[in-house]
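Trainee: Residue numbers for the sequence shown follow numbering that gives the first Met the number 0, beginning at 0 and rising by one.
Incorrect hints may appear among the rest.
Listed next, with one range per pair, are the computed distances between beta-carbon atoms [unchecked claim]: (1) MET213 x THR4: 29 to 39 Å; (2) ASN269 x LEU127: 20 to 30 Å; (3) ASN10 x GLU163: 30 to 40 Å; (4) THR142 x ARG36: 20 to 30 Å.
Rather than coming from a laboratory, the hints here were simulated on the basis of the structure. We put the CB at the ideal spot given by N, CA and C, even for glycine.
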Amino acid sequence: MISFTELVTTNFFLYALFVGLSLSVVTGPLGSFIVWRRMSYFGDTLAHSALLGIAIGLVTSSDPQLTILISSLLLGSLLVYLDKNPNVSTDTVLGVLAHSTLAIGVVLLSLSDSVRVDLEAYLFGALLTINGKDLIWVVTVVTLVAAALFWFWNDLLSVTVHPELAATEGVNVERRNLSLVLLIALTISVSMKMVGVLLITSLLIIPPAAARQMAKSPEEMALLASIIGACSILLGLLTAFYLDTPAGPTIVVLATLIFIATNFNRVFKNLRRNKITG
Numbered sequence: 000m001i002s003f004t005e006l007v008t009t010n011f012f013l014y015a016l017f018v019g020l021s022l023s024v025v026t027g028p029l030g031s032f033i034v035w036r037r038m039s040y041f042g043d044t045l046a047h048s049a050l051l052g053i054a055i056g057l058v059t060s061s062d063p064q065l066t067i068l069i070s071s072l073l074l075g076s077l078l079v080y081l082d083k084n085p086n087v088s089t090d091t092v093l094g095v096l097a098h099s100t101l102a103i104g105v106v107l108l109s110l111s112d113s114v115r116v117d118l119e120a121y122l123f124g125a126l127l128t129i130n131g132k133d134l135i136w137v138v139t140v141v142t143l144v145a146a147a148l149f150w151f152w153n154d155l156l157s158v159t160v161h162p163e164l165a166a167t168e169g170v171n172v173e174r175r176n177l178s179l180v181l182l183i184a185l186t187i188s189v190s191m192k193m194v195g196v197l198l199i200t201s202l203l204i205i206p207p208a209a210a211r212q213m214a215k216s217p218e219e220m221a222l223l224a225s226i227i228g229a230c231s232i233l234l235g236l237l238t239a240f241y242l243d244t245p246a247g248p249t250i251v252v253l254a255t256l257i258f259i260a261t262n263f264n265r266v267f268k269n270l271r272r273n274k275i276t277g
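Using the sequences plus the hints, can you model the full thing?
Mentor: As structure tokens, this is what we get:
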């Protein structure tokens, strides 16, 4: 078996690690907004739509990364628009779009005899197949998303906490909501190769959920979520190699273990505090 030193100096491991750590910079803050707004199903819908983008790219012989990006942004904009419709509940719209886009993508792939694709890689990720081109693509998108988050952080936070008050202060609530959805769509479109369509939302939700148990402010929660995400990625990659398991699901399992540990720690602290005060 390859040694630890040899592993961490190989190109495939370094590419995977750098991509994962880069994504954790933005998945922490974006995931925090998803947790605060209870938008987990929203993220699932955007993730499922990515498979449609893959299918369109492969069937039309276009770059799948570009078609994934376009389809995610278009669906994100459509979700924001449909969310204003009082005649149909948000859950219904999300459910219809999530499963219909996923189904259409699978049907398109199956109807094209000229396309042969490993669906498992797209469903569960293929992090260790990332190359230099993928790294440049991810870093570029992450830089843009991080800059937008830094610039609009206060507005996004105000709209999340109290949209009516934010509107009275001159914040364009609809525009900020659209901005947040598009940032999430951008991140999902470049994260898909990492953990796949079915697990990508967990990468956005689990680290912030764990950080919430320890954070005392929104900014601290976003930072801790990024750190937990980065630790999950590093430990998940190492574990996946030595146990010969898929990298994406292994990363999610590690993040889940951290989430469980933070919850146990909080329960233990509460019990000890009650014992002291009682």
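Trainee: Evaluate each hint against the coordinates.
Mentor: Tested hints:
Remark: the range hint 29 to 39 Å for MET213 to THR4 is upheld by a beta-carbon distance near 33 Å. Look at ASN269 against LEU127: about 41 Å separates their beta carbons, and that is not inside 20 to 30 Å. The given range of 30 to 40 Å is broken by ASN10 and GLU163, whose C-beta atoms sit roughly 52 Å from each other. Taking the beta carbon of each, THR142 and ARG36 are about 24 Å apart, inside 20 to 30 Å as hinted.
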